[in-house]
Amino acid sequence: MKVLATLLLSSAAILAQGGLNPASLLAPPTDTWPTYNGDYSGRRYSTLAKINQSNINSLSLAWVYRANGAPGGGSGGRISATPVEVNGILYFTMPDHVWAVDARTGREVWNFQWTPHGGEHIGNRGAGVYGSWLYFLTPDCNMVSLNLKDGKERWHKSICDLDQYYFGSMAPLVVGNHIITGVSGDDLDRPGYIESHDPETGALQWRWYVVPQKMGDPGSETWPNEEAMKHGGGMTWLTPTYDPELNMIYVPTGNPQPVIAGKARPGANLFTASVVALNPDTGKMQWYFQSSPHDTHDWDATQTPVLIDGEINGQKRKLVVQASRNGYFFVLDRATGKNISSSEYVKVNWSKGVDAKGSPILNPAKEPQLDGALVSPNQGGASNWPPPTYDPDTGLFYVSAARAFSVYYIYDPSDKPEGWGGNDRGGWSESMIQAIDYKTGKVKWSHKWEDGGRSGLLSTAGKLLFAGDGSGNLIALDPANGNPLWHANLGSSVTNGPITYELDGTQYLVVAAGDTLFAFAMLR
Amino acid sequence: MRSGICMAALLLAPVTCVAQSPAAARAAFQDVCGACHSVETVTSQRRTRAQWQDSINSMVARGAKGTDEQFALILDYLTRQYGPASPNDSGASPAAPAPAGRGRGAAYSPGPEDRQVIDEAAAIRGRKVYAAECITCHGTRARGTERGSDLVRSEIVLHDRYGSTIGPFLRQGHPAQTPVAQLTQAQLVDLSHTIHQEVYNTLRAALQIQNVLTGDPKAGAAYFNGEGKCSTCHSPTGDLVHIASRMDPPGLQQAFLFPGGRGGGRGGGRGVSAHPVTVTVTPASGTAITGTLVHIDDFNVALRDGAGEYHSFKRTPDLKVVKNDPAQTHHELLDKYTDKNIHDMVAYLETLK
Numbered sequence: 193m194k195v196l197a198t199l200l201l202s203s204a205a206i207l208a209q210g211g212l213n214p215a216s217l218l219a220p221p222t223d224t225w226p227t228y229n230g231d232y233s234g235r236r237y238s239t240l241a242k243i244n245q246s247n248i249n250s251l252s253l254a255w256v257y258r259a260n261g262a263p264g265g266g267s268g269g270r271i272s273a274t275p276v277e278v279n280g281i282l283y284f285t286m287p288d289h290v291w292a293v294d295a296r297t298g299r300e301v302w303n304f305q306w307t308p309h310g311g312e313h314i315g316n317r318g319a320g321v322y323g324s325w326l327y328f329l330t331p332d333c334n335m336v337s338l339n340l341k342d343g344k345e346r347w348h349k350s351i352c353d354l355d356q357y358y359f360g361s362m363a364p365l366v367v368g369n370h371i372i373t374g375v376s377g378d379d380l381d382r383p384g385y386i387e388s389h390d391p392e393t394g395a396l397q398w399r400w401y402v403v404p405q406k407m408g409d410p411g412s413e414t415w416p417n418e419e420a421m422k423h424g425g426g427m428t429w430l431t432p433t434y435d436p437e438l439n440m441i442y443v444p445t446g447n448p449q450p451v452i453a454g455k456a457r458p459g460a461n462l463f464t465a466s467v468v469a470l471n472p473d474t475g476k477m478q479w480y481f482q483s484s485p486h487d488t489h490d491w492d493a494t495q496t497p498v499l500i501d502g503e504i505n506g507q508k509r510k511l512v513v514q515a516s517r518n519g520y521f522f523v524l525d526r527a528t529g530k531n532i533s534s535s536e537y538v539k540v541n542w543s544k545g546v547d548a549k550g551s552p553i554l555n556p557a558k559e560p561q562l563d564g565a566l567v568s569p570n571q572g573g574a575s576n577w578p579p580p581t582y583d584p585d586t587g588l589f590y591v592s593a594a595r596a597f598s599v600y601y602i603y604d605p606s607d608k609p610e611g612w613g614g615n616d617r618g619g620w621s622e623s624m625i626q627a628i629d630y631k632t633g634k635v636k637w638s639h640k641w642e643d644g645g646r647s648g649l650l651s652t653a654g655k656l657l658f659a660g661d662g663s664g665n666l667i668a669l670d671p672a673n674g675n676p677l678w679h680a681n682l683g684s685s686v687t688n689g690p691i692t693y694e695l696d697g698t699q700y701l702v703v704a705a706g707d708t709l710f711a712f713a714m715l716r
Numbered sequence: 005m006r007s008g009i010c011m012a013a014l015l016l017a018p019v020t021c022v023a024q025s026p027a028a029a030r031a032a033f034q035d036v037c038g039a040c041h042s043v044e045t046v047t048s049q050r051r052t053r054a055q056w057q058d059s060i061n062s063m064v065a066r067g068a069k070g071t072d073e074q075f076a077l078i079l080d081y082l083t084r085q086y087g088p089a090s091p092n093d094s095g096a097s098p099a100a101p102a103p104a105g106r107g108r109g110a111a112y113s114p115g116p117e118d119r120q121v122i123d124e125a126a127a128i129r130g131r132k133v134y135a136a137e138c139i140t141c142h143g144t145r146a147r148g149t150e151r152g153s154d155l156v157r158s159e160i161v162l163h164d165r166y167g168s169t170i171g172p173f174l175r176q177g178h179p180a181q182t183p184v185a186q187l188t189q190a191q192l193v194d195l196s197h198t199i200h201q202e203v204y205n206t207l208r209a210a211l212q213i214q215n216v217l218t219g220d221p222k223a224g225a226a227y228f229n230g231e232g233k234c235s236t237c238h239s240p241t242g243d244l245v246h247i248a249s250r251m252d253p254p255g256l257q258q259a260f261l262f263p264g265g266r267g268g269g270r271g272g273g274r275g276v277s278a279h280p281v282t283v284t285v286t287p288a289s290g291t292a293i294t295g296t297l298v299h300i301d302d303f304n305v306a307l308r309d310g311a312g313e314y315h316s317f318k319r320t321p322d323l324k325v326v327k328n329d330p331a332q333t334h335h336e337l338l339d340k341y342t343d344k345n346i347h348d349m350v351a352y353l354e355t356l357k
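Chains as they are written, first to last, in this note's numbering: chain A, 193 to 716; chain B, 5 to 357.
Fair warning: there could be bad hints in the mix.
As the list claims (entries may be wrong) - Cut-off 30 Å, straight-line C-alpha distance, at most; resulting in silico cross-link-like pairs (DSBU-like, lysine-lysine):
1) B:Lys324 to A:Lys640
2) A:Lys549 to A:Lys510
3) B:Lys132 to A:Lys640
4) A:Lys476 to A:Lys530
5) A:Lys636 to B:Lys233
6) B:Lys344 to A:Lys636
7) A:Lys640 to B:Lys340
8) A:Lys640 to B:Lys357
9) A:Lys640 to B:Lys233
10) B:Lys233 to B:Lys318
No wet-lab data here; the hints were simulated from the structure.
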């Protein structure tokens with residue numbers, strides 16, 4: 193527990209500055225939401241129960257904060273960030289922007305605007321906090337550190353090369369004295385990687401490439417040659433989760449490149465579309481599990497790997513589970529990476545079952561074709577980045593899911609397609625919340641939305657599951673059976689993962705819809 | 005952010021941006037094209053100026069109404085925003101469901117803001133230099149051969165602007181010192197346009213569907229009249245008459261798979277009039293009301309009846325709501341089609357000229 197000791201030693205000094213006590217990242221108290229997923233497990237479950245099934249109909253709107261005029265969209269942009277809440281202040285991002293807002297009142301404390309030099313502005317997942325400092329990534333490949341108290345820039349460091357069409361969008365993860373950052377971008381064929389930086393200087397501590405860098409390295413046997421491998425993609429779009437006892441971070445990796453036309457990269461293409469365990473101090477790989485060997489459908493595995501301390505066949509197990517974009521729910525032993533179960537959480541039409549390691553076997557007929565192949569799920573996936581939740585009270589894992597069809601085409605039939613070389617088109621889909629029993633992999637209940645919907649989720653000890661539908665409703669469902677208990681229409685669909693915290697005895701629920709943050713509270 | 009967008013557009017099209025406001029061009033696009041197309045349907049394509057001109061001509065032939073000035077604005081707009089190397093290169097987002105009307109401005113696309121803007125004429129001149137000096141080793145599409153490296157994936161190329169890194173490399177670093185070291189500065193700039201064009205040609209949506217007409221029309225007819233039960237609702241001499249002269253094969257394929265959708269292909273989804281989803285609502289104490297579904301979620305339902313009146317209801321256990329999606333049979337077929345069925349059906353529909 194060297195990490196914990198270091199954290200505790202440094203916490204007193206940091207508290208005096210009004211920053212984040214790093215120890216709270218290990219066992220978050222209920223008055224803070226100090227990291228992207230609230231805690232390291234990624235389960236997005238809160239022990240708060242002041243808002244609960246018996247009083248949910250008394251929930252009141254506490255405040256609204258509209259992040260007006262931000263770029264990233266013609267109508268003010270979209271908050272896809274999960275805010276972090278430290279010492280009563282919420283910090284959240286949009287591409288090139290950070291806001292600090294009073295968590296009790298929604299009043300702006302400061303805002304920071306980065307002057308961009310290009311890059312994809314599709315979304316930003318949020319900020320990381322270490323001590324008195326905030327860290328976020330910009331579309332033009334910088335990690336920027338700001339002072340929590342006034343939003344003044346402390347420094348910025350390049351984390352990727354914009355000329356290679358990389359960009360920054362993930363919320364940095366803080367583990368001990370490591371600021372862990374990933375890279376986004378799949379327009380050109382570049383290698384994905386994940387890095388660790390010194391929190392004080394931003395200096396690089398380590399970098400781990402998702403694709404092997406030379407033939408002979410582990411995983412290189414799943415590539416035809418070094419050139420295909422080194423351009424083989426595997427972006428690290430999403431914030432990892434972390435087990436302090438095992439000292440492993442769980443990194444979900446992106447799809448291989450070229451994205452759709454995989455002709456020039458025969459093989460499983462490790463370590464793309466996988467969950468990979470790394471040592472956060474060294475960046476050394478501990479194990480991997482591949483969700484989609486040789487993916488050709490843009491089914492990255494960048495969905496949150498959620499840590500569950502659970503039971504399988506009566507035995508206590510340390511698990512990591514993922515509802516992957518390809519439609520499979522995987523249960524793994526998080527110490528070893530060994531697969532415990534693989535099951536479809538929505539019906540898929542591309543798989544011929546699973547292999548001995550638990551990885552699905554791709555039906556070659558359902559690879560993209562010149563004249564089209566009807567595939568389910570579609571490119572958007574059975575799930576995507578919006579964060580799922582695990583509720584230890586019900587033992588169920590909840591995910592915003594879709595059953596969707598589209599036609600996948602090869603556009604570039606040459607021997608060396610590059611970039612995408614194809615795409616999917618059209619589609620029909622239905623959206624739902626799936627409640628999955630991790631012990632069996634079976635869907636215990638399913639709640640279909642009438643009008644689409646794909647939001648992040650939150651579960652609480654108040655026996656509530658918060659979700660958004662496609663009609664702009666924020667909804668509290670009964671986690672036992674999916675029945676809606678309460679709703680409020682926000683005028684725009686939920687665009688992030690809801691969070692909750694308690695300040696001065698009042699429990700708040702904060703959620704983003706479009707360019708606006710809404711806070712609800714039990715005010716009486 | 006209008007000023008930001010205009011500034012970025014200036015970089016790409018200095019002349020047109022001064023002459024016309026992007027807002028006016030976008031308005032013309034919305035007015036003329038928006039009547040039939042969603043913005044996303046059109047702008048998920050990437051085409052050259054000539055290709056966009058072809059598209060516009062074909063739309064005029066199909067009855068698109070607009071003034072000459074509007075069509076000129078639209079051509080400029082589409083070429084600037086949705087050309088092969090345009091600022092909006094990315095179609096669907098990779099890690100998120102594509103939000104409709106995301107409306108990212110010109111500055112908010114992948115890659116550096118100051119990336120090279122292709123001068124078509126220079127790229128054509130550069131192609132001659134490329135054919136003479138480079139093609140043997142680097143290949144026709146600059147993706148490398150056994151003799152030479154992949155230029156599209158070269159960091160020297162990706163860092164280059166108008167010859168800034170390609171030039172010095174060819175002068176000093178290239179293994180074949182002459183004759184590439186003797187290229188003139190103008191030739192180097194031309195060559196940089198050619199090579200950057202090849203990079204942009206690998207970007208998503210620079211390419212299109214190739215050929216979906218691979219099936220057996222007879223087998224398609226058999227499916228239409230037999231297993232698929234399509235003839236229950238559709239007729240080649242009725243609603244589908246001349247369907248293939250109204251839609252191209254990709255459009256036909258998308259239209260029967262996903263009716264009412266916004267799939268690809270010329271005229272996608274518009275060959276057959278779309279029937280709206282209807283709903284019948286029966287309150288506990290009242291009579292049933294049927295109409296076109298306006299909105300439905302877990303809590304409310306709204307419809308417009310035959311007289312055009314709008315009705316809104318709170319959903320309660322006592323309120324009976326029955327939705328009728330005329331395309332439900334199509335949705336259910338998605339679990340039944342084989343890919344062969346699909347290709348045969350396209351081949352059959354293509355005979356209905």
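Against the structure, the hints come out as follows:
| no. | hint | result |
| --- | --- | --- |
| 1 | B:Lys324 to A:Lys640 | holds (18 Å) |
| 2 | A:Lys549 to A:Lys510 | holds (18 Å) |
| 3 | B:Lys132 to A:Lys640 | violated (59 Å) |
| 4 | A:Lys476 to A:Lys530 | holds (18 Å) |
| 5 | A:Lys636 to B:Lys233 | violated (35 Å) |
| 6 | B:Lys344 to A:Lys636 | violated (35 Å) |
| 7 | A:Lys640 to B:Lys340 | holds (22 Å) |
| 8 | A:Lys640 to B:Lys357 | violated (41 Å) |
| 9 | A:Lys640 to B:Lys233 | holds (28 Å) |
| 10 | B:Lys233 to B:Lys318 | violated (37 Å) |
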